[in-house]
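Participant: Below, each chain spelled out in residue letters.
Protein chains: 2
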Amino acid sequence: MLSISIRSNASRPFENLLCNRLLSSSTLSSSPLQTPPSNLIEVPLSHPIYTIWGSNTGVGKTLVSAGLAASILSPLSFSSLTAAKFIYIKPVQTGFPSDSDSSFVYRKISEIFLRRRLPATLFASNHAVKASTLASKEVLGVKIESESGGLRDCGWYEERRLEGEATSGAQVPRELICKTLCAWREAVSPHLAAEREHGAVEDAALLEMIQKCLWVEFNGGDDVDKKAETLSIIETAGGVASPGPSGTLQCNLYRPFRLPAILVGDGRLGGISGTVSAYESLKIRGYDVVAIVLEDHGLINEGSLLSYLRNSMPVLVLPSVPQNMSDNLMQWFDESHAIFTSLKDLMFSSFSERIRRLHDMPKKAVDIFWWPFTQHQLVPEDSVTVIDSRHGENFAVHKVQNHDLISQQFDGCASWWTQGPDCALQIELARDMGYAAARYGHVMFPENVYEPALECAELLLDGVGKGWASRTFFADNGSTAIEIALKMAFRKFSSDHGIIDDLLKNNKANTPPELMVLALRGSYHGDTLGAMEAQAPSCYTGFLQQPWYTGRGLFIDSPTVYMHEAKWNLFLPEGFYCKEYKQEDLTFRFRDELFYKSRDGSSISKSYLSYISKQLSPYSGVEGTGRIGALIIEPVIQGAGGMYMVDPLFQRMLVNECQSRKIPVIFDEVFTGFWRLGVESAAELLHCSPDIACFAKLMTGGIIPLAATLASEAVFNAFMGDSKLKALLHGHSYTAHAMGCTAARKAIRWFKDPMTNNNLTFEGKFLKELWDMELVHKISSHSAVKRLVVLGTIFSLELQAEGTNAGYASSYASSLIKLLREEDGIYLRPLGNVIYILCGPCTSPHVCSRLLAKLYQRVEEFHRKNLRSH
Amino acid sequence: MLSISIRSNASRPFENLLCNRLLSSSTLSSSPLQTPPSNLIEVPLSHPIYTIWGSNTGVGKTLVSAGLAASILSPLSFSSLTAAKFIYIKPVQTGFPSDSDSSFVYRKISEIFLRRRLPATLFASNHAVKASTLASKEVLGVKIESESGGLRDCGWYEERRLEGEATSGAQVPRELICKTLCAWREAVSPHLAAEREHGAVEDAALLEMIQKCLWVEFNGGDDVDKKAETLSIIETAGGVASPGPSGTLQCNLYRPFRLPAILVGDGRLGGISGTVSAYESLKIRGYDVVAIVLEDHGLINEGSLLSYLRNSMPVLVLPSVPQNMSDNLMQWFDESHAIFTSLKDLMFSSFSERIRRLHDMPKKAVDIFWWPFTQHQLVPEDSVTVIDSRHGENFAVHKVQNHDLISQQFDGCASWWTQGPDCALQIELARDMGYAAARYGHVMFPENVYEPALECAELLLDGVGKGWASRTFFADNGSTAIEIALKMAFRKFSSDHGIIDDLLKNNKANTPPELMVLALRGSYHGDTLGAMEAQAPSCYTGFLQQPWYTGRGLFIDSPTVYMHEAKWNLFLPEGFYCKEYKQEDLTFRFRDELFYKSRDGSSISKSYLSYISKQLSPYSGVEGTGRIGALIIEPVIQGAGGMYMVDPLFQRMLVNECQSRKIPVIFDEVFTGFWRLGVESAAELLHCSPDIACFAKLMTGGIIPLAATLASEAVFNAFMGDSKLKALLHGHSYTAHAMGCTAARKAIRWFKDPMTNNNLTFEGKFLKELWDMELVHKISSHSAVKRLVVLGTIFSLELQAEGTNAGYASSYASSLIKLLREEDGIYLRPLGNVIYILCGPCTSPHVCSRLLAKLYQRVEEFHRKNLRSH
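Respectively, the protein sequence lines represent chains W and V.
In terms of our numbering, the first sequence opens at residue 1 and continues consecutively.
In terms of our numbering, the second sequence opens at residue 1 and continues consecutively.
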């Protein structure tokens, strides 16, 4: 009835052992592993995979794992002939081998199986994959010479084949796979054991081991497997926030998988508190807890927990574990069987529900959403991306290929340029968001002060506004911040140029002049009417889009710079060109040269100035004409216009000239602010200051909308007076909302602190070069590439394209983008034929290089394909 | 050297016992208590008051309390002659009297004091205030007959006067006051003990007892006290989330005080996790944790905790508590003394830092903020409100009177009309915000789908959009939602009326007609230019504010209704008046009559229709004139315009007439939506549906900005086509951000669920009447009151005023508002001479009545004062 084989073989390769197949007898077959892309996590959705968390150590996580295994492998009676499989993974085990939860599950299930006498065959195995040298010695009972660090293959492997009662004809196959991935000798916290036993394992390595385990059961499964009721369990060590081997808290460590959770609560005195807190620690890391299960200690803790949860989730109560273990808990498992079966059913139904919803979402989305900037007719249901979560810079998206899975994609468009957080910042922001919501919710701003708003304003004025700004006006988004900036600028201009005095004196007899902005063609400042009026006519501004648009500006062309064939080139639009320019004025070997202040003395500079003066002269106050009341520019980079880099010299001349004419200068730093260009404020690159500047997007680290318009004291003073009617009568309900300000103060600090941002260099003033310059040069020389801009967190290239293939509405690059998304795990969103990658201020240069290499490869393929088709 | 008196006297009144004064010998003096306003919490800032929390039960909270007491009362050496006082409060004690933490502190300090032989006098007392009958029996050793529910005066009181070593001349006075507020016999969780011993105590009653204790040490303190180094401690029971006597989790129960926290962590195996989780539970309830202190168990848990905290907070480690207690822990206390002194110093310095910051904030605010809608010249530093936190509907503000304190104020302007959450919803939203930030941060919306956005859209379409809307377009705030709505409406109109076809056909030969909105005078739709253009000229729209404003609408007057002398009156502006009207058409006894559909057949209705037709006729498509391309109204109530209630009949006629002319109808429900008017959507009151509607403010429960523009499928279809250029090219970076959508889905559900909102009536369709109608009638008849509007969560009155006292810029009501804020704990913000109170959808009618009664009283005073001064 029972055949047992136990082997200890340190040389047995890990991968083979992972591939134990049901009914494969004791001969282990070897099947190739489908390894997911390195660094990007993929989780199969072929069957339910859960993590078991404990609200404390010693609350019975392993009993729950064993109980679940028993309910699926050894039901009390056979209601069906379904095959079943249970995979138990213990990533981290200390006190090994005397403590081994996977051994416990392995042994316990064997005992229960024998006791229950089922008409089935159970194949069970237990494998400890890696262990510290000290723990390995214990297992093998032999001397291991090497004492060098790291874990070694452990070699603990045992398996059993148990034949059940042959009452019916068929022997229903059952399989139990137990695995300990990393083990240490000492029964202390894993990070201590790893340190003391010189058995470190990095987070990434551990995650990769787990990922392999999750996938191995998926790949190469035969027909029997596909029909088998399968459940995988990852059992954590200690409590939810106990450190893993590297010291990373486990709730953070396992977050990339974001597996649904079962929380084993605490039924003892004080256990309500521990359970609630553990639950909250999981929630504020984005986990979905499906059920809480706890051992009864006669204190009815489940009552308080259900009340806390508002009955939104089941709390299951297990009978008390007997003090007397003489029957090896056999009776306890029998008594608990119904509970475990309920739990198991719940886990399966919750899983099915999730899969169903994931599949339904694209259709529902195309049915009821109205996406911005999207022609719905061009978005078929199957092109909708279902985003299950994000983790630092990566989306986790649902994919349906020949199977369902959750797959990571690098968010290369930084979700419309908002994103900055790495995983660590995201977790801290999440906790801070909870704090701010609980402490303040939202409280109204005018005439009030509260800590987050004050601190945020202080940080802004001491950072991006340093040296010129003294006032912070809060808004909700870039577009509203721009509207506010324009109102400020016009008032300041009207004040400085006597227009307001005229108005008041002449008692409305004189109509005030028409005020216009000076702006650059190709710039973009937002979608509300006021912001639109400040930009040149484009596809966004026609009657079809905004019948009220008139374009209240003088819109001028500007010289741009770009990289081509590893050199930076200056492109001069018509009106600028002059034969006198020397080659040294027109090409640059290093990007830094473009920003040199010494260019102020160049011949180009003179030509810029004369161009600017010529443009401005018709609006200098002649009766009956409009007046230029403000200059508005995106410093250095025009984002939405197509990632154009304007010659910084030209912008500096423009700013100086306007300020000398008392025309207030607005910097639209909504896109460029907060390290997007490698410096905290793009003004630093221009070597000049505005009078007003707008910030949004990255300001909160990209977690929540908030904007700020900073202004100099001179601008502010134009609104001072005796009457409320002279004040700036503009505001939004959530102005300076506490959560936004809290996020901003965290993100602003995080990005500029060398302790949290490894990319800082030169006394924290600049980001180091994030992009592999050798590769950048190579790409810039590729014949498919027209121009390239690389600066700070931005890499952008324009594909050579003609006709309808060029421009905003073009879908020229879509096949390339699709491959990057689906095959390379890089989520990009092009601007027509312009493709860009935005990373975060803290993104590792290694990640950037990986992205760039993939992009290069796809551009090359794209180019070859195009050549072939022509 | 030692005099001890212990008395058990059940009849001794509580208040007297609280007033034990140092050096008052054993004769207890009685001084009057300054009771803070009932229901509103006030916390003194005269000296540091901390809460001691435990990460679990049995981690040594009471040892920490005792150690702190020892460090302040019995230092190892006397460095100064400062008097000192320690107040220990144990609000909830089970296992009493054999377990009594206050007795432990009382006894232990006496022992330490005697051992340390200091040149000081210690007066120590220990008092158990209330106990269950069962516990009282135990204390008194007598039979108590009554077994009825509730707690009874316990009568446990003991005091000691210890004379120290008289080495120096002066005997430095020291005082220890220990109190147990509520005690139960059984050593189980308080909620179980309270239930089993029929000794319930309500949360409010417990909070009031604590508040008295906090204040008693403040009031009537003599000079010695003022110089004394004083520290108050509230020690919780069990873990941070252990239930209190009513079942409310203690971290929620004590939240109204939001006292700074000391967390006693767990040094045992698994203790890192428990400590981190407990810390997080405190943080996501808005507490500030100042330090973590834990007992050493040789596991270096502090290392992991410091790493988790990024060294932002100290973690103090106490020596292991000896197994052998033969010396009553005297040696342990000696060894721990330096740690406790560090902890105490930290608590004092953190307290001073907080006070300093609170005092600095107003000046910093007026120096660097630029508040919206605020004439800074009219806001002196001392009028700035420092908001320390909010709890449900209440602000907690810092006040400096003759002493510092934190005081609650009801947020009667709902922070610019955004607020809805009660305390319970706020806590849940906080946890949800943490979850959403951790799960998604922000992810981009177009062509994507994620759960919060989808669920939010589903809830909107199934709620406020039910029956007409099929598409959700997300925006950031009301103003941008309106700009989007206008773009939608104009496209629909242009499409329906052949304008787009003309444009395409005639190839730009024809200029399209000027499109205008039809809007009501006095309406307000936001501050961005597009939204402003849709409203009539006002103080917001002049050249001084927005030089680009032209007013692109037909702005018409509308009939309004208001209550006066307990009746609802219809006010008809010029152009409407007609002698034929019967009295029954012009006055109404009940507000509901105004909404009856049967009014459609009244003579008023005909007059409305003819007025509307007349207004519209010049814009019906005659060549060369503008066209009305959209109707935009705030349904029923015009908020910012002064809380005017437009006759619903008039609005219904307007909607019907426009829809019959194929003019798209926009409802601006930014203010009126989500129960503001007592129904989920104000459209329900009008009995008609728009084509487009905008929502914001209350949509997220008032925690975070998010807006939505809903549209019918017909509107959506006007944007369908082959080209992206035909799509709605408008969007904001954070469109449909996950946190906002998560908040919205929680709030939308919460408000309409009878399980969470007690105010729902009539199958969840309406809010019950929240305002005391008798009092409302009384106020409406007061001669200081011109008109009154009461509907749903709104109570509004216009004060009789003339000349500059009336209108938006008036500060007529400021003295009244000031008294309400400072004396009555009601934070209102008037619209000129219009005073309103907004409560939340879940606010208890009792609270509303209290507010109204206070307001009435102040209006009456205000009126009498005005009469006297004339």
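None of these hints come from the bench; they were simulated from the model.
Among the hints, a few may not be true.
Heads up, the list lumps identical chains together, so a pair's fine if it works in one copy or across two of them.
[Stated by the list, open to error] Straight-line alpha carbon distances no greater than 30 Å define the calculated DSBU-like cross-link-like pairs of lysine-lysine that follow:
1) Lys726 <-> Lys778
2) Lys212 <-> Lys778
3) Lys865 <-> Lys724
4) Lys765 <-> Lys227
5) Lys227 <-> Lys606
6) Lys597 <-> Lys364
7) Lys567 <-> Lys363
8) Lys582 <-> Lys726
9) Lys614 <-> Lys466
10) Lys582 <-> Lys752
11) Lys606 <-> Lys662
12) Lys137 <-> Lys582
13) Lys726 <-> Lys818
14) Lys752 <-> Lys818
15) Lys505 <-> Lys597
16) Lys752 <-> Lys726
17) Lys505 <-> Lys614
18) Lys768 <-> Lys399
19) Lys137 <-> Lys854
Participant: Tell me the hint numbers this structure goes against, listed in increasing order.
Facilitator: Hints 1, 2, 4, 5, 6, 7, 8, 9, 10, 12, 14, 15, 16, 17, 18, 19 are the ones this structure does not satisfy, whereas the remaining hints hold.
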